[in-house]
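Got chain A sorted already, so can you dock chains B and C onto it with the hints?
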Amino acid sequence: MTNHIADFANSDVIWVMGGNPAENHPCAFKWVTKAMEKGAKLIVVDPRVTRSASAATLYAPIRSGTNIAFMGGMIKYILENKLYQEEYVREYTNAAFLVNPKFEFNDGLFAGYNPTTKAYDKSTWTYQLDDKGVPKRDLTMSDPQCVLQLMKKHYSRYTIDTVSAITGTPKDLLEQVYKMYSETGKPDKAGAIIYAMGQTQHSVGTQNVESLALVQLLLGNVGVAGGQVAAMRGLHNVQGSTDMAALYHNLPGYLAAPTVRDQSTADYLKRVVPTTSDPKSLNWWKNYSKYIVSQLKAWFGDAATKDNDFAFNWLPKMAAGKDYSHIPLFEAMKAGDIKGFIVIGQNPAVGGPNAGMERDALAKLDWMVVSELWETETAAFWKRPGVKSADIQTEVFLLPAASWVEREGSVTNTGRWVQWRNKAIDPVGDSKPDLWIANQIMNRVRAAYKKDGGAFADPITKLDWNYGDGLPNAHVIAKEINGRATADIKDANGVVQIAAGKQVPAFASLRDDGLTTCGSWIYCGYYTDAGNMAARRDNSDPTGLYLYSGWAWNWPVNRRILYNRASVSPKGEPWDPKRAPLKWNAANATWSGDVVDGGGAPDAIYPFIMNNEGVARLFAAGLAEGPFPEHYEAWESPAQNLLSKQQNNPLAKIWESDSNKRSDASKYPIVGTTYRLSEHMQAGAMSRNLPWLVEVQPAPFVEMSEQLAAEKGIKNGDRVIVENTRGKVEMIAVVTKRIKPFNINGKAVHQVGLIWHWGYEGGSTGDSANSLTPHVGDANTTIPEYKAWLCDVRKV
Amino acid sequence: MSVSRRDFLKLGGAAAGGLLLGTGAPNVASAGGEDPKFLLHKKIGEITTICTYCAVGCGQVVGVQGGKVVNVEGDPDHPINRGTLCSKGAANWQVIYSPERVTQVQYRAPGSDKWETKSWDWTLDRIAQKIKETRDKNFIAKDKDGATVNRVEAIAYMGGAQHTNEEVYTWVKAARALGIVYLEHQARI
Amino acid sequence: MAKAMFIDTSICIGCKGCQVACKEWWNLAPTKTTQVGTYENPLDLNADNYTRIRFNEYEASGKVRWLFLKWGCLQCTNAACVDVCPTAALKKNEIGFVSLERDLCNGCGYCSQACPFNIPRMETINEFTGEAKATKCTFCQDRVTNDLTPACVKTCPSAALGFTDRDKVLATAKTRVENLKQLGYTEARVYGETELGGLGRVYVLTAPASAYGLPEKPEYPALTNLWQNIVQPFGYVAAGLTAAGLALNWFATRRAQLGNVETIKPEK
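Protein chains in written order, with the numbering used here: chain A, 1 to 796; chain B, 1 to 189; chain C, 1 to 268.
Bear in mind the hints are in silico, worked out from the structure with no lab data behind them. Fair warning: there could be bad hints in the mix.
[Said to hold, decoys possible] No farther apart than 16 angstroms at their CA atoms in a straight line, the calculated lysine to aspartate or glutamate pairs in the EDC-like style are these: (1) B:LYS37 with C:ASP103; (2) A:LYS388 with B:ASP113; (3) A:LYS490 with A:ASP458; (4) A:LYS290 with A:ASP513; (5) B:LYS68 with A:ASP513.
With the rest of the complex left out, here is chain A (with noise of 0.2 angstroms):
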């Protein structure tokens, strides 16, 4: 989220799309509950009524996987009818910014693309430059080179009668939306876009979110109070787990993970560091060289030297362009390529996307070591329903875990609050924290190596590993995630600054000469040696805009709403001086309120200062399927494109093989989407064997309309089949009003909603729905298109 969970109470229309938080996020359903009780309005767009839509302002339905769509509209209102926020746009974005006269955009592609290789050369996606290399602007946004121009353009394709048709909303609920969220373009407005996995879970889910950040950005609501794109996370620490980067393309903080291009950190930092030629955008990513450093220094302690270029050459490297996330892992596996798996609280049997197909690959491993408290389904897939366990080779180890109040640690919510748990009772049972298994492990790993040697050892025997052979620390830990000094730092006239070994104080101190450590520069400030500030309590709000700033530690810098410059005008003047989160004191030349993005004085610098432009982009050449987000179909789909000759995002990934076939919709002809209970937990390990929980939702479920039912014959309650190329499901139905059958030009369309936690073990039992879902990926992330797709249902 760039603000926070308490924020919502700031806005005055809250528009939820694509997420579903009184389901699934109803703690913090409260603080939009309490935004509604001061007058502000609540938008659901969502293929059904659902729990957030029963307390809606405003609800209209979608068909899934129609999105853009559905946000072009949304652009082409607001920019026809100058309902944008203009010196925001002018002054905070990339709106004004010329763009090069050879981009275009042609019937679904833009300028570049190569039908062979399916990517784009983006050499036109560029800025017009001055001669002194900085991107030309047009202040009056009326030149037809301009993004804003360019913008309008490409949405001007977006007519209402087009969209109703591709969504199946109705033209009149689609003004209504339209129009009541353009309300929030006045600068004293403030409007929050709530999204989850219903906005990312498509093969376009990056461009569905720049969508809406694109409306944001015009409307002015990133950066203040009440404004803000809020992606609702799923787990207790995923966002501390994106943080820290399990995930094969970054390292912690958020730095990019090398590849082979990459053979020395004078290659890295070419590759991955941005620049600019604008005296007045900061780019803040200059000083990517010292947050590498101090985590090459942090992971490898006294043996990463300026000699040694800091042990870069003992990070992996990836192949180039190769994607070794969820979807490629599972094909390799499947391939054989795999042969050893570590699996730590997570469960992809379940989870996963076409899960037939990918326990079918657990079973090409040699080994896998599972942590977890549960004999999950990926635990005992070798024993799962319709396998021989005999024809199996695979060991497995499955290690007790420590539940959460046995052991300590931080944890970082969505709004990126950094909150410390302490512990409550020992482990139950035979049970160990993670920590502890962790260091165990490569404690031993360690030994071995030192011991016998082995293909390059030096990273293993000299990784700065020295957390004592029983449970490491997690204070210790944390202070290493934080940074501290290696050596005295002194200032120019040699005072010290940081005296060797103590805490760095925050990221500005961070150094790439091997002064410092941190394991992540995001983190750097959390816990210093003032403290651990993740366990602060302060729960006092004296902004009166429910900052909290004392309570916990937000990432970065205690900074709780991002971007919070562009909350002022160029002459330092709140947009809406009620809602204020920041406040530039000239007489004594202070910003007071939530800690400024960036410092010095109000016009000194742009306030988007991550990006090189120092501004938004609302042409974001960064993308890898166009500047602007363009509406294709999902990969299966029962309508044509109406918008173009290009019928699916022509960069998605696709596995199209024998475990991954099409659903065509002439057999078909159903879209189906997966989504989660309020009583459930993702992939079910952590609600079904609570047996209270069990109780109050005790089976997996399809929802269905009426129509749909008495199509098929089908009866509330009846056990039905759901089922497409990938797999069949038996479940109960759930026939309901809340859902109705969508309008698709002219054509009826039926939808069908599965919830997804269930699967063959645990207290409670039931077909899971990611048996259908396709080993589809987003062009830019392969996050997997599980929320549209197409099936069958009969009764059974």
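Here is chains B and C on its own, set in the frame of chain A:
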């Protein structure tokens, strides 16, 4: 109806001050005309933690009596949840003592149809041996063009969103040191 | 000062946090449930479920709404259960709830039969002797008599539940209803202000009571006064009296009729 700030601070103060500690004594009933007096039948608790379900990050207070957790409820001082919890957070206590919980090391030999209970020592030694064997056999020092890559594609690591930051950091550090590139978790899916 | 539970159905999101928090606080055993085509479960109150959310779909003027009703003992001012209880196990507490002292309960089940809402349920505590005890929501009597809120109110994520002085609850409820009417919920109303002398649960409804499966006008059972004044003083030995026989027969019939209250389900 929202709890006023004063109210929830009061509740929080009470939690911290120990007023909410149950006595464990049976309810005292008065058979006469007066209203009966009821004592809290269990301790509410004072150890603070963060809920283990979604990423809202609600505060919880944990009551411990005799080395066992007897109660988990919302932390009234927490600025986000203000003492509240959803059905999952409210059921969190059952995670600790669920009959389904695995509390001993389980091992499945190749081709076997059952788990066997094993010791930690035996298991950890064997896992370390498997990691080393697989890594040594499959380590790629240079690619076919002769460029340094120092990676292992034959071992994959998955997980992290159920960890604390310190745990996931430690595992990522270990995995990268081993040369692992197939490194993924829930955030991807 | 009597207190009351405020239940704003316009804010309730049906998350069932209240159901589970109740089970956690009272450590109630899980019961076996099945999926029959609804988000709702368990489908009725029972000895191990003192509260639950009832889910109803309601379609009016082209808009489909999902109504959630937190259900459980309504803590009537004119509480028939208290009046029929032969052992004074049930008492109207000055805080505004009907307390239950299980030690005093003899398991007669009259409370269950007298209740106009079919709330108290009997829990068999000895399979051999058949000995039973009444169960029901008491607003968490140990919590509320120690200045805490009931477990369900404390846990309510959307702040749809509140617990405070009854006059404040009524004032808030009325203001809320006015706001809802302005927002277009023309059928918004307060439920519980006067019913049965005033209920300990005061609801803000956004649709007719019947859309939630609530009786429009709950009635105090007519024969309860007779029972209380004539039969109850005799205790068990009076069970053979004609009046008592008549009364019991009446209760049995009454119970059968009331069985419907819990099963009105527009959701099919």
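Contradicted hints - numbers only: 3 and 5
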